[in-house]
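Residue numbers (our numbering), protein chains in the order written: chain A, 1 to 376; chain B, 1001 to 1515.
Please keep in mind that the hints were generated in silico from the structure rather than gathered at the bench.
One should not assume that every hint holds.
Unchecked claim - Under the rule of at most 25 Å between Cα atoms (straight-line distance), these lysine-lysine pairs were calculated in the BS3-like manner: (1) Lys1327(B) x Lys247(A); (2) Lys1359(B) x Lys247(A); (3) Lys1404(B) x Lys1359(B); (4) Lys1133(B) x Lys1146(B); (5) Lys1406(B) x Lys1390(B); (6) Lys1132(B) x Lys1146(B).
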Amino acid sequence: MSKQKTQLAERSPSETAADLAAAESTEHDAVTPAEPAQRTSPVRDVLLTLLSRGYLFIVALIVLAVGSQLSPFFLTSRNLVSVLITASVVSVLAVGQFFVIVTGGIDLSVGSVAALSSVVGALAMANGIPFVLASLLAIAMGAFIGLLNGLFIVFGGITPFIVTLAMMSAAQGLAYIVEGSRLVPVDNSSFLSAFTGKLGPIPAPVLIAAITMLVAAVVMAFRRFGRRLYALGGNPEAARLSGLPVKRDTAAAYAISGALAGLAGLMIAAQLTEGSAIVGSGYELNAIAAVVVGGASLFGGTGNPILAVLGGLIIATILNIMDILGIAAQSQLIVKGIVILLAVLFTSGALSRRLPQWFSALGRLASRGRTSSAAS
Amino acid sequence: MTAVLDTPTVVPRLAVTGVSKAYPGTQALSGVDLEVLPGEIHGIAGQNGAGKSTLVRILSGIEQPDGGTVQIDGTPVQLSTPQSAHREQIFTVHQELSLVPHLTVAENIYVDDLPGTRLGSVDWRTVRRNAKKALQELGFDIDVRKPVAQLPIAHRQAVEIVKAVGRDARIILLDEPTATLPRHDVVHLYAVLRRLQSRGISIIYISHHFDEMYEICDRISVFRDGRKVGLHPAEQSSHSAIIHAMLGSVSEQTSARLAVGAGDLPRLGTGEPSEEIALAVEGLTDGAVLEGVDLTLHRGEVLGVSGLTGNGQTELAACLFGARPSKSTRFVVNGRPRRPRNPTDAVRLGLGLLPEERKTQGLVLDMPVTKNVTMSSLGRFTRYGFLSGKQEARTAQRMRESLKIKTSSVRQPVVSLSGGNQQKVALAKWLVSGAETLIFVEPTRGVDVGAKLEIYGLIQDFVRQGGSALVITSEIDEALMCDRVAVLRRGRVHGTVERAELEQLGESAILQLFA
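All chains, please: the whole structure from these sequences, using the hints.
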């Protein structure tokens, strides 16, 4: 006890943290032998998170292997690219959904907001507004609707499920009204090439989804906002009593989800070359499925945007294989349901603790093998 | 002692042999043996993290041991679920009681064993009569038609015990049964336990309080660091032996001081507060419980806030920290005349709150130690807009060393730490944030003796370096350690006791203001 007193006594409390920060940059890593400093790198933390869900990658590989056995067409680059393009819209929505789910919430309105965005974007361009402005308008509108969701949840004290359920209905209705009685065709060529063209070998929608995912992953891992979302999802009361702006952050998460729904709506509009009030329905559930298959808990505080996208890709690939095999859409729905149940059984259900344990045990075995071979 | 121990002819009611349990990062139990005789009240003592709760969880079928055996009356048993523990007639009264709040007393007692009528409906009259009778046999007069949520804690506990007895319990585990009980209810509880004992029921009694154990237990098993380190007769004479066994490496002096008890309490403050104001309120009301609190905490001072539970302590802490809406005629924080609008604002003003419910209010349990420690000062760890995990880890590491936070790594989730160490993580968070004034609410509740002393030491250090502390506590001993003590009564400060009076009159100076 005397040692700890002298250590603390060197610093006054108001200086403690500042001193710490200053001392850190000059001093050698003051860590115990049990924990070498290089083991605490943040990149390693992220890798560890991904590895603890390593089975998802293995599941993805198994799906690919099974697909290649079932059909020679499956592993062609053309088919795989088409899977990626198909999955890109859900991926963008899944990333948005992830921001909400990590707070312990849910956003059922994203499908309707995407539809509304497709209509608004298409109408704006039909009225001669340049495509960049039209796109920004649609995305901003999505963000605004998301923000409304967030404000009702935070200040209205209504559960996310109800608020976004109501918004799902309202946004859909609004989309019908804005659309009028006809579909709104999109013929703006720069818009189409921006959202359906290619950048080198990479299709634009895939690029958009990939960038969205990576930016989100960086925000969640390295930005204060991301950390605060994990904290408030993990324990909202502790986050509040630690002085974190819980209300603002929660509202922001819904705004992000809405903005990404707006982006997804533009992608849909480009793929279909029209804006329509009916295009988005069902997407919200696909996005939620992707996030939970990716291992995030609906109670909040866990998960990762990259894994959410991976979850969506696994679902999309399985559906693609069934398409190739000519399995009817009705049966595909059943398989999708089973996949979701199995995935959640292993990610946040009764078997959730087992799987990461097995994998970390495997990892330990592997690293032990490596160190012993290095030693010999 | 020998009379009880050297009777090989008695088959132990419960024989635990070589039980081990590991969690990621900690060996919670290693090779523990425990023997409880029929009709014995067996105490289990140990610091937080000694393995008491793990043992309770194993014996109630919530967790599976990694190895070892459990025998009841000589027969090996598998306690794979709470149901199977019940089948073996082991019942646990947990610290947080596990009753259904909206069901009535009678319904709770018979919820899994409702008698039917010939028509197939529930025979409520029999249920109520039996429940009433069972409660009366243990000396409780409780309206069995009342929802459990409306009962005081002591009666809820009684319902749990009756539930166990009604199902022919052979063994009852009581986990910190008196933690929230007023004294006269404790006396009643002892009477109940003795009655159960005379029926041959074995009782395992887990508590932080030795006095209780000497009063009620036959023998005491002492746990430390996941091992059983001693078995003692429950007598005052073995007091220092037990403390030694519990603390292990702590010096002779410390355990001697502990043994002396209230006579020689450490003092939290320096006794030299400045005239500057750290925290002051006048006429603080919250429209519900607080009815005009006046309070002044000077810089460098430790102000205790005492009082019977429910006189506004919790609400006061929340209002001072901006976590609960309030009104006041004056509010000064660290010299600035401002009322914090919300906790974010309070943190900005240099306040920190260590709430009563660490697990639900103070920490994000599934997050690692590091991220909990840096939670309130993320800006300090941000470079060019990005968090520096390396710096966070270094700071956490430094805090781990200076506060002696016991964990295998700062990357361990806080949930794997013991209560005392969790409290240190909560304190580390505010030290890193540079808070000048800290509000402690029941800082050592649910914390064992050794960690208690450490936490007192940390409060001393904090104040010695110019910090100020408001210590809201229901433990008189803790209040006696403060520079001054304000006693809350019915939402007001009923009186303030100066240091001189505290030293002269001791606890009576505080207690006379309680009622």
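Outcome of the hint check:
1. Lys1327(B) x Lys247(A): Roughly 22 Å between the alpha carbons, so the hint for Lys1327(B) and Lys247(A) holds.
2. Lys1359(B) x Lys247(A): Between Lys1359(B) and Lys247(A) the Cα gap is close to 21 Å, so the pair holds against 25 Å.
3. Lys1404(B) x Lys1359(B): 20 Å, holds
4. Lys1133(B) x Lys1146(B): 15 Å, holds
5. Lys1406(B) x Lys1390(B): 21 Å, holds
6. Lys1132(B) x Lys1146(B): 12 Å, holds
The earlier numbered hints are all upheld by this structure, with none contradicted.
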